[in-house]
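Engineer: Protein chains in written order, with this note's numbering: chain A, 2 to 256; chain B, 2 to 273; chain C, 52 to 327.
Honestly, the hints are just simulated from the structure, not real lab data. Owing to the predicted nature of the structure, the values given are computational and were not obtained by experimental measurement. There's no promise every hint is true.
[Said to hold, decoys possible] Computed Cβ-Cβ distance ranges for the label pairs, DEER-style:
| # | chain 1 | residue 1 | chain 2 | residue 2 | range |
| --- | --- | --- | --- | --- | --- |
| 1 | A | E70 | B | T171 | 47 to 55 Å |
| 2 | B | G45 | A | E25 | 51 to 59 Å |
| 3 | A | D173 | B | L255 | 48 to 56 Å |
| 4 | A | N22 | B | G261 | 18 to 26 Å |
| 5 | C | L312 | B | N169 | 44 to 52 Å |
| 6 | A | D173 | B | D19 | 22 to 30 Å |
| 7 | B | M66 | A | E25 | 33 to 41 Å |
| 8 | B | S21 | C | E169 | 17 to 25 Å |
| 9 | C | L134 | B | L62 | 37 to 45 Å |
| 10 | A | S114 | B | V28 | 34 to 42 Å |
| 11 | C | N157 | A | N22 | 39 to 47 Å |
| 12 | A | D173 | B | F12 | 35 to 43 Å |
| 13 | C | P243 | A | S114 | 18 to 26 Å |
Backbone N, C-alpha and C fix where the C-beta goes; we use that ideal spot for every residue, glycine too.
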Amino acid sequence: MEQGNRVRVSINNLSKTFYSNAGEAINVVNGISFDVYNNEFLVILGPGRCGKTILLNMITGLQKPDSGEVSIDGRVVTGVAPEMGMVFQKLGLMPWLTIMENVEFGPKMRGVSKKERREKAAHFLDLVGLTGFENHYPYQLSGGMKQRVGIARAYANDAQILVMDEPFGQLDAQTRYNMQMEIVSIAEKERRTIIFVTNNIEEAIKVGDRIILFTKCPAQVKEIYPILMPKPRDEISREFLNIRSEISDNTDLAL
Amino acid sequence: MGIDTQNTAKFVKQRRKDNSWYAFLSVATVLVFLLLWELLAIIGVFPPNKVPAPTDVFRALVFKMTNTGPDGATLQVNILASLQVSLSGLLLATLIGVPLGLLMGWYRSFDRMIRPLFEILRPIPPVAWIPLAILWIGVGLQAKAAIIFLSAFVPCVINSYTGIRQTNPTLINVAKTFGAKDFYIFLHVGVPSAVPMIFAGVRVALANAWGTLVAAEMVAASAGLGYMINMARQFNRIDVIVLGMACIGTLGFLFTWLFGLLERKIVKGRTV
Amino acid sequence: MAKLENQVEHAGDVRQDSTVKKAVNAILPFVSIIILVLIWFIASGYNSRILPSPVAVIQRIGKLLVTPLSGSTLFGHAGISLLRVFISLFFALLLGIPMGILIGWNRTFSATVGTIFELIRPIPSLAWIPLIIVWFGIGELPKIIMVFMAALMPVVVNSYTAIKLLPPLYLDVGRMFNASTDGELLRNVVLPASLPTIFAGVRNATSVGWMVVLAAEMLAAKSGLGFLINRGMESFDVPLIMTGMVLIGVVGALLALATNLIERRLCPWNRGIVSE
Numbered sequence: 002m003e004q005g006n007r008v009r010v011s012i013n014n015l016s017k018t019f020y021s022n023a024g025e026a027i028n029v030v031n032g033i034s035f036d037v038y039n040n041e042f043l044v045i046l047g048p049g050r051c052g053k054t055i056l057l058n059m060i061t062g063l064q065k066p067d068s069g070e071v072s073i074d075g076r077v078v079t080g081v082a083p084e085m086g087m088v089f090q091k092l093g094l095m096p097w098l099t100i101m102e103n104v105e106f107g108p109k110m111r112g113v114s115k116k117e118r119r120e121k122a123a124h125f126l127d128l129v130g131l132t133g134f135e136n137h138y139p140y141q142l143s144g145g146m147k148q149r150v151g152i153a154r155a156y157a158n159d160a161q162i163l164v165m166d167e168p169f170g171q172l173d174a175q176t177r178y179n180m181q182m183e184i185v186s187i188a189e190k191e192r193r194t195i196i197f198v199t200n201n202i203e204e205a206i207k208v209g210d211r212i213i214l215f216t217k218c219p220a221q222v223k224e225i226y227p228i229l230m231p232k233p234r235d236e237i238s239r240e241f242l243n244i245r246s247e248i249s250d251n252t253d254l255a256l
Numbered sequence: 002m003g004i005d006t007q008n009t010a011k012f013v014k015q016r017r018k019d020n021s022w023y024a025f026l027s028v029a030t031v032l033v034f035l036l037l038w039e040l041l042a043i044i045g046v047f048p049p050n051k052v053p054a055p056t057d058v059f060r061a062l063v064f065k066m067t068n069t070g071p072d073g074a075t076l077q078v079n080i081l082a083s084l085q086v087s088l089s090g091l092l093l094a095t096l097i098g099v100p101l102g103l104l105m106g107w108y109r110s111f112d113r114m115i116r117p118l119f120e121i122l123r124p125i126p127p128v129a130w131i132p133l134a135i136l137w138i139g140v141g142l143q144a145k146a147a148i149i150f151l152s153a154f155v156p157c158v159i160n161s162y163t164g165i166r167q168t169n170p171t172l173i174n175v176a177k178t179f180g181a182k183d184f185y186i187f188l189h190v191g192v193p194s195a196v197p198m199i200f201a202g203v204r205v206a207l208a209n210a211w212g213t214l215v216a217a218e219m220v221a222a223s224a225g226l227g228y229m230i231n232m233a234r235q236f237n238r239i240d241v242i243v244l245g246m247a248c249i250g251t252l253g254f255l256f257t258w259l260f261g262l263l264e265r266k267i268v269k270g271r272t273v
Numbered sequence: 052m053a054k055l056e057n058q059v060e061h062a063g064d065v066r067q068d069s070t071v072k073k074a075v076n077a078i079l080p081f082v083s084i085i086i087l088v089l090i091w092f093i094a095s096g097y098n099s100r101i102l103p104s105p106v107a108v109i110q111r112i113g114k115l116l117v118t119p120l121s122g123s124t125l126f127g128h129a130g131i132s133l134l135r136v137f138i139s140l141f142f143a144l145l146l147g148i149p150m151g152i153l154i155g156w157n158r159t160f161s162a163t164v165g166t167i168f169e170l171i172r173p174i175p176s177l178a179w180i181p182l183i184i185v186w187f188g189i190g191e192l193p194k195i196i197m198v199f200m201a202a203l204m205p206v207v208v209n210s211y212t213a214i215k216l217l218p219p220l221y222l223d224v225g226r227m228f229n230a231s232t233d234g235e236l237l238r239n240v241v242l243p244a245s246l247p248t249i250f251a252g253v254r255n256a257t258s259v260g261w262m263v264v265l266a267a268e269m270l271a272a273k274s275g276l277g278f279l280i281n282r283g284m285e286s287f288d289v290p291l292i293m294t295g296m297v298l299i300g301v302v303g304a305l306l307a308l309a310t311n312l313i314e315r316r317l318c319p320w321n322r323g324i325v326s327e
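Just chain A, same shape as in the assembly:
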């Protein structure tokens, strides 16, 4: 992304430690700092079970850090900021609500009028290609469709900064591949600042404008890779494969 772009989110020295029942301290996140630029598609690439979810929870405000802070547009935020939106790895769709009700949940909690929030929800359902499924229940949808609802839901909540926690991790390979292309096209149509977490190199290079590579546990920022190829990207082009091997050589674990 252009370096002249302003910093939207600033993560500053975040740390979190968990204590087991035996009194052991497990340092999950240890002094992580990085910046997120406005409207960029930032990918955090790292091995699994390494505090990435905790880090994301701290960024979105769901969990409090032990030390460090998160600033949005220069202000320090605590708790869930209204600009934040999240797409959960485990989907987290409310099974008792229809698709439409799920997507409009955020605005509904904020007291937005029914007409307005219906329109907004319909717009984003259309964006993710799920028009016609408004009155279905989540159990009737496939994994990929459910995740698309998750994305529409985050957008519909007027999120400026979307945090996506391995959103395609639960999907089968084919669906995952399709969703990677989808998210790129969705992000093109409706530009937002996106923080996308994955443990899959190809996925990272496919969708990311910048990739932050994490070490193995406890996670630290290892290296930052700007990806300058135009999207959509061909995963067997030479450029793609070069970057892939560069990152792959640099990772602590086989990715």
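Starting from the known structure of chain A, fit chains B and C onto it as the hints suggest.
Structural biologist: Relative to the frame of chain A, chains B and C by itself:
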């Protein structure tokens, strides 16, 4: 970087403090409850002869351990009688119900044949069978055991049925690829898979049996905790009534707990 | 017994059934019933005093449908029993669901009220009957109280279990999407998510309540199906006893059916879950 040992110790201490606060709160609540009850009874808030104080119940406990009035047997004898009936009913229900449920779950024709009988039996509460049982079998151990059997039978069957129906199809197919015959698969794949559900069913059956016992004994018995309570009512010995209830509750709790231990031991790590 | 989704068919029926096999399967259910009725007929021949023939029972049912006994016809008595259950159930739900939710949600509440509840809980519902008779006599109120006590237990237990088993993910989602206060979370996330489990408690409470109302009526009542059975026992009118039992079974089955239907209405998203 570095593990802040001071922080850790502080955190763990706080967590232990939290847990002990809530534990204390629980104990305190029970004590306050008993104290309040005792005070109110002494003051005379309750109508006379309607509510025994905790100390009255305790005195009744001591009394009943050596005395046979007003029902005709000491507390221990009553407890033993109740245990005898409920355990024999439960045992019978398990021995008949569990295999029945397993077979119904595995063999469709058997299921189709037995199911209507079972579905007819099921909605009738065991309590409703008491008059017929008395009529047909007479007042005595057999009638009581029959009622207990009925109450424990249903959950055993249902849970065994559900348990074996949930057998992982992959396991069945694996057994088939080794050339196993149907009955062999039933015995060595189906039944073991169903064990957790079977245990859950027996747990419910145990609770049912113990609960129905009281009713059965109130109507048709000469000893047992339910009988003791009923006699106490006729003689207006409310302290003995509450004593009986407390015994029933405590023993029931004990059984459930013990059975839970057994269940955990056998079912440990059985997720297939 | 509910059918499980994706469950394996019995290992036995992988082969395609021949028409003969299919025909046999179709009549099997009736075979056992017919055998049972036959045995009944024969047995009643031996001693029709303690085992009236099926015909006698049907006649009695018919008679009771039209001529009132002790003030009501058969359906009248059934209705009275049902009414008692419903009233008690209503109060049990009114008190039980909020209490259970609070016990699950708030640790202080759980340590105090919850502890008292756990002390009372092991006492079987039927064991309360003598005490309640001593306290309240044998009118309508004590019966309602007995059924209330019985129904309260599963409702509270299921309610607090529902809260305990709530996936934290839903709470995270709720907070992420602007449901910030406890009240908002409770109303929009916790309650709907807990509904299936709470309803299982209601189903349990209904069946327990049905049993207790009958026991209460058998001991001390002047109306209701339990009373009919008692009457039959006292006047040695065995067909009456069996009439009562038949109705008890029928109404019990209908109650179970009704609660299942209501659940399907209330929780349409609850598919593929074993309803036992």
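Engineer: Now look at each hint and say whether the structure bears it out.
Structural biologist: Structure-based check of all given hints:
A C-beta distance of roughly 50 Å is found between A:E70 and B:T171, which places it inside the suggested range of 47 to 55 Å. The hint said 51 to 59 Å for the Cβ distance between B:G45 and A:E25, and at roughly 58 Å that hint holds. In this structure, A:D173 and B:L255 meet the distance hint of 48 to 56 Å, their C-beta atoms being roughly 50 Å apart. Distance hint check for A:N22 and B:G261: the Cβ-Cβ separation is about 22 Å, which falls inside the suggested range of 18 to 26 Å.
For C:L312 paired with B:N169, a C-beta distance near 31 Å fails the hint of 44 to 52 Å. Distance hint check: the CB atoms of A:D173 and B:D19 are about 43 Å apart, inconsistent with the given range 22 to 30 Å. Separated by about 50 Å at the C-beta atoms, B:M66 and A:E25 break the suggested range of 33 to 41 Å. Between B:S21 and C:E169 the C-beta distance comes to about 19 Å, which sits within the given range of 17 to 25 Å.
In this structure the supplied range 37 to 45 Å holds for C:L134 paired with B:L62, their Cβ-Cβ distance being about 40 Å. A hinted range of 34 to 42 Å for the beta carbons of A:S114 and B:V28 is inconsistent with their spacing of about 52 Å. Distance hint for C:N157 and A:N22: a CB-CB separation of about 23 Å, inconsistent with the stated range 39 to 47 Å. Remark: the range hint 35 to 43 Å for A:D173 to B:F12 is upheld by a beta-carbon distance near 41 Å.
Here the CB-CB span from C:P243 to A:S114 is close to 22 Å, well matched to the stated 18 to 26 Å.
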